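Heads up: the sequence lines are chains S and L, in that order.
Under full-length UniProt numbering, the first residue of the first sequence carries the number 1, and numbering increases by one thereafter.
Under full-length UniProt numbering, the first residue of the second sequence carries the number 1, and numbering increases by one thereafter.
If you're looking for bench data, these hints aren't it; they were derived computationally from the structure.
Note that this is a predicted model, so its numbers are computed, not measured.
Cβ atoms here follow ideal geometry from the backbone N, Cα and C, with glycine treated the same way.
Please note that the accuracy of each hint is not assured.
Claimed, not checked - With a straight-line Cα cutoff of 27 Å, these simulated DSSO-like cross-link-like pairs (lysine-lysine) come out:
no. : chain 1 : residue 1 : chain 2 : residue 2
1   : L       : Lys243    : L       : Lys294
2   : L       : Lys233    : L       : Lys243
3   : L       : Lys126    : L       : Lys91
4   : L       : Lys126    : L       : Lys55
5   : S       : Lys78     : L       : Lys340
6   : L       : Lys143    : L       : Lys36
7   : S       : Lys63     : L       : Lys233
8   : L       : Lys340    : S       : Lys80
9   : L       : Lys294    : L       : Lys340
10  : L       : Lys243    : S       : Lys63
To be verified - Calculated Cβ distances over 10 Å to all of chain S for the following chain L residues:
no. : residue
11  : Gln9
12  : Glu134
13  : Ile164
14  : Asp213
15  : Pro244
16  : Ala386
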Amino acid sequence: MTITRDDLIDFIYAEARMLDEGRYDDWLDLWLPDGHYWMPLDWKQEDPLHVTSLLYEDMFMLKLRVERLNGARTFSQKPKSRCHHVIQRPFVDEMDEGADRYVTNTSMHYVETRLDDQFLLALTATHELTLVDGKLRIANKRVDLLNCDAAFGNIQLLP
Amino acid sequence: MGRYTDNPQAVAALVRGREVHRDVYIDPEVFRLEMKHLFANAWVFVGHDSQTPNKGDYFTTQVGDQPVIMVRHTDNEIKVLYNRCPHKGTKIAIDRTGNTGKFFRCPYHAWSFKTDGCLLAIPLKKGYEGTGLEDQKTGNGMKAVGAVHNYRGFVFARLAEEGISFEEFFGGALSSLDNMIDRSPAGRLEVAGPPLRYMHQCNWKMLVENQTDTCHPMVAHESSAGTAVRIWKELGYSEDDPKPPAMEIIAPFMSPYEFFENMGIRTWPNGHGHTGVHHSIHSDYSAIPGYFEKLVDAYGEDKAKAILAENRHNTVYFPNIMIKGPIQQLRVFIPLAADKTLVESYIYRLVDAPDELTARTAMYNRMINAPTSIVGHDDLEMYERAQEGLHVDGLEWVNVQRLYEEDEDFDEERVENGTTERQMRNQFHAWVRFMTADMGGKEAAE
Numbered sequence: 001m002t003i004t005r006d007d008l009i010d011f012i013y014a015e016a017r018m019l020d021e022g023r024y025d026d027w028l029d030l031w032l033p034d035g036h037y038w039m040p041l042d043w044k045q046e047d048p049l050h051v052t053s054l055l056y057e058d059m060f061m062l063k064l065r066v067e068r069l070n071g072a073r074t075f076s077q078k079p080k081s082r083c084h085h086v087i088q089r090p091f092v093d094e095m096d097e098g099a100d101r102y103v104t105n106t107s108m109h110y111v112e113t114r115l116d117d118q119f120l121l122a123l124t125a126t127h128e129l130t131l132v133d134g135k136l137r138i139a140n141k142r143v144d145l146l147n148c149d150a151a152f153g154n155i156q157l158l159p
Numbered sequence: 001m002g003r004y005t006d007n008p009q010a011v012a013a014l015v016r017g018r019e020v021h022r023d024v025y026i027d028p029e030v031f032r033l034e035m036k037h038l039f040a041n042a043w044v045f046v047g048h049d050s051q052t053p054n055k056g057d058y059f060t061t062q063v064g065d066q067p068v069i070m071v072r073h074t075d076n077e078i079k080v081l082y083n084r085c086p087h088k089g090t091k092i093a094i095d096r097t098g099n100t101g102k103f104f105r106c107p108y109h110a111w112s113f114k115t116d117g118c119l120l121a122i123p124l125k126k127g128y129e130g131t132g133l134e135d136q137k138t139g140n141g142m143k144a145v146g147a148v149h150n151y152r153g154f155v156f157a158r159l160a161e162e163g164i165s166f167e168e169f170f171g172g173a174l175s176s177l178d179n180m181i182d183r184s185p186a187g188r189l190e191v192a193g194p195p196l197r198y199m200h201q202c203n204w205k206m207l208v209e210n211q212t213d214t215c216h217p218m219v220a221h222e223s224s225a226g227t228a229v230r231i232w233k234e235l236g237y238s239e240d241d242p243k244p245p246a247m248e249i250i251a252p253f254m255s256p257y258e259f260f261e262n263m264g265i266r267t268w269p270n271g272h273g274h275t276g277v278h279h280s281i282h283s284d285y286s287a288i289p290g291y292f293e294k295l296v297d298a299y300g301e302d303k304a305k306a307i308l309a310e311n312r313h314n315t316v317y318f319p320n321i322m323i324k325g326p327i328q329q330l331r332v333f334i335p336l337a338a339d340k341t342l343v344e345s346y347i348y349r350l351v352d353a354p355d356e357l358t359a360r361t362a363m364y365n366r367m368i369n370a371p372t373s374i375v376g377h378d379d380l381e382m383y384e385r386a387q388e389g390l391h392v393d394g395l396e397w398v399n400v401q402r403l404y405e406e407d408e409d410f411d412e413e414r415v416e417n418g419t420t421e422r423q424m425r426n427q428f429h430a431w432v433r434f435m436t437a438d439m440g441g442k443e444a445a446e
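One chain only, chain L, in its complex shape:
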């Protein structure tokens, strides 16, 4: 036990209005407390139900540091179980996806469990007769997480048995997911292939904060986007010439500060928020022939236009995912250690929409978010330099005060200048809330 365990006052003191203490990024004890409190009490993304389309299909991942299995039960509902045999602790499934049929069978001693976790059978069960197995947790089968919510295909879990409801946690922020899903004429998405998997030697929160950091693209990405614009001009094209898809994707990263200021940032309660309220780097992509007509057939012209008029840039769902509605991308920032984060970047197909949209989305994913991406390289370089630089003593606070205002109220939805760091402050406000909500010991600061 260190200085922060069971000490909500000390945890709350890591976040001031305009700055946060470096321990939120580099301290292993704070990281362990995040896993125990924050990731247990928040609603955390698990997967998309199209990853497990048939009964018995499963997908393994983790919620915080807890290994879990998302599985489609015999009643067609999605269950989320801890990936641990209640007997000796063996992980029940280690492949990333598969089909287990009607039950899971532990490979160690053949204990078997229904796909909702209930104990099905134990070989030579008479050896447990009269030992009181039924009174122990072991006898209950595979443990399920506290609560699961499938929102239009997107599956979230809360590990804690009791706590905030799904609806209260996300509130108006669900409008970004709605827009992404409504872009399918069928109102349904399907995962398109496996995700990119990109290892970062930095704290997970640096990645989340970067999603609404609008003052870095034209600086950190000058080497890729700036060079692209220069080569394009050298080839004899002007800014107004039609661009190939790769240029449509990368050129807007070099937009001037004014573009990002005017795009706007919206924040919602509980740490959610998005860039691109009024326009974004995704606003000027070429129309794909036949797509608008399909949307009109499905929704009518007014709603079709309204769906396409939203071009939200990055929507952060606290604590650890980001979605891009206009291109159907979702990135998960999986915390592995205070200084280690696995980023998985998924793309989705819009059911009943032209394939060219999926091709653009796949192009975006590999161009911007792959371990081989010339854009991703410079982002990772910045995170890892920060992770090392934060160890400098005497400068222990990280600044988040751009466009700070006194007495900010994060319980209200707000739209601000697109270069504000209000969303970062919003995340840390929620961070304190969910870190300290069920922390014993001394009283929290508020």
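Isolated chain S (complex conformation):
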């Protein structure tokens, strides 16, 4: 099976829609078991491990994050937050069929709201994708916030 640019772009749009609609089980199924969701704390941060990041989560932590959202005693999600991604057409930065490696770069505006509060984040998402049984999967995802060094209140869902 050959992957086209449109396949990659459609995948990025579909992922954003899953997050906006809260279809987290579908979203977790997009990931490779050893994937990491990384949100750096520092601008152009290179090391996810030995300095602080906002997020650097493996599948156990992502599953925990998602399960917690639906817990009966998840007090910060009573009431629940909602989120909304507006995404620019992704750039396809790498398409290497031989290495089974596809990299996209996508600018987004992310809005999260709960009760009377709403905030906007501008971000760039970098997806490393790969093919498994004919379907695209997320090998790694990096989310760079434009204002990563600013002070934030709670960011409760997934930009």
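Once you've looked at the hints, dock chain L against the given chain S.
Using the frame of chain S, we list chain L on its own:
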């Protein structure tokens, strides 16, 4: 001027043995008085000297509500200056870190100052000849804080010119900092990257009190830690199986009340104290290969074992920081308003220790204290609900009486049951002391 300004009796009356009045959390006048008295008379954390390793390196922050610059002077000493040009008031530096070379230069009119604050030059200076500039504060250059103390790399400042000494203020409480620093085979820490910055719409003292509140983890954090334990079991593991680092960090938050009762709380004079006297949530982390051997080489086996046997949980240094010695973390609760606090969470690298220790520390910081943390979310939710709930009239006192005893003496070091709220009472005892120490007007209650 309201009811508390220049009225030490009214300020002291906000704190009773078993309860404190809500005005300590919600009243803007009390907040202004905290900045003017408490934060000026106490020793307040500024930064770590590894943030300014070279001459001319500076770091901007605030002590209470006062903007300051911490800078390494040409003699290699750390200076703390108010971040204000003595001329028109312009902040001299606004980036969080940088290097200014041998002098600061104000971007407005190019007045320049040595890195100890002394006036260096003014363009077209003849315009001030005969005007008496040298007799005015403006002519003295950038103002320095009252006193600075660099304790093994940790820099503290007292804004007031006169007052309690560093040694008397901290006393035996420095043992927690010592243990954190001694965990480096070189006896030295280095800051590891920028801090997390987390905005809280609540009073700064709620955060400080929470550091020794041992009856909330299994309740407020059930959604994160409890879910983690459940998922772990569903994956087929038992409690005795070796856990990955993330589970080692989060699972102990679900420890039962008995665990926290038995861990113990120690209080020191002047509002300092710590949880985890006998054990803590940090006690059972896996050993990192090669680390113990390095400590033994540096200190000998007995001292190496003694260093690692201390697993203090949270140490509060009054008024507004907390450190975790076993994982080299420091959190600053920066007061911005009665209902607004900026929390900055720093981590440090143990010089000459394996990198895996820094990785665990960085993991703890992001998992527990980030604005994106599933643990932090529920803490902030509780603080902000309290900040709003405190406005209920007719119930104006906040309870701090768990394991209260008559005639508690906070001038003595004590070790108590780990669920006592004695440390919260200790903080408020010190709060009254430093709020009223230099307050004019009527006599203080004591």
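Comparing the hints with the structure gives:
At most 27 Å may separate the alpha-carbon atoms for a hinted pair to count; L:Lys243 and L:Lys294 meet this at roughly 25 Å. For the suggested pair L:Lys233 and L:Lys243, the alpha carbons sit about 11 Å apart, so the restraint of at most 27 Å is met. Among the hinted pairs, L:Lys126 with L:Lys91 is consistent with the structure: their alpha-carbon atoms are about 25 Å apart, no more than 27 Å. Between the alpha carbons of L:Lys126 and L:Lys55 the distance comes to roughly 31 Å, so the proposed pair goes past 27 Å and is violated.
For a cut-off of 27 Å, the pair hint linking S:Lys78 to L:Lys340 stands: about 22 Å separates their Cα positions. Only pairs whose Cα atoms come within 27 Å are accepted, and L:Lys143 paired with L:Lys36 is accepted, the gap being roughly 17 Å. Restraint check for S:Lys63 and L:Lys233: satisfied, since their Cα atoms lie roughly 14 Å apart, inside the 27 Å limit. For the hint linking L:Lys340 to S:Lys80, the alpha-carbon distance of about 23 Å falls within 27 Å, and the restraint holds.
Between L:Lys294 and L:Lys340 the alpha-carbon distance is near 43 Å, which puts this suggested pair outside the 27 Å criterion. Pair hint L:Lys243 plus S:Lys63 holds up; C-alpha atoms about 16 Å apart against a cutoff of 27 Å. Against the 10 Å criterion, L:Gln9 stays outside the reach of chain S, whose nearest CB is about 37 Å from its own CB. For L:Glu134, the requirement that its beta carbon stay farther than 10 Å from each beta carbon of chain S is met, with the minimum near 41 Å.
Under the 10 Å C-beta cut-off, the non-interface status given to L:Ile164 relative to chain S holds; the minimum distance is some 31 Å. Remark: the non-interface label on L:Asp213 is consistent with the geometry, its nearest Cβ contact in chain S lying 15 Å away (cut-off 10 Å). Distance check on L:Pro244: its Cβ comes as close as 7 Å (rounded) to a Cβ of chain S, failing to clear the 10 Å threshold; non-interface status is violated. Its beta-carbon lying about 12 Å from the closest one in chain S, L:Ala386 satisfies the requirement of being farther than 10 Å from that chain.
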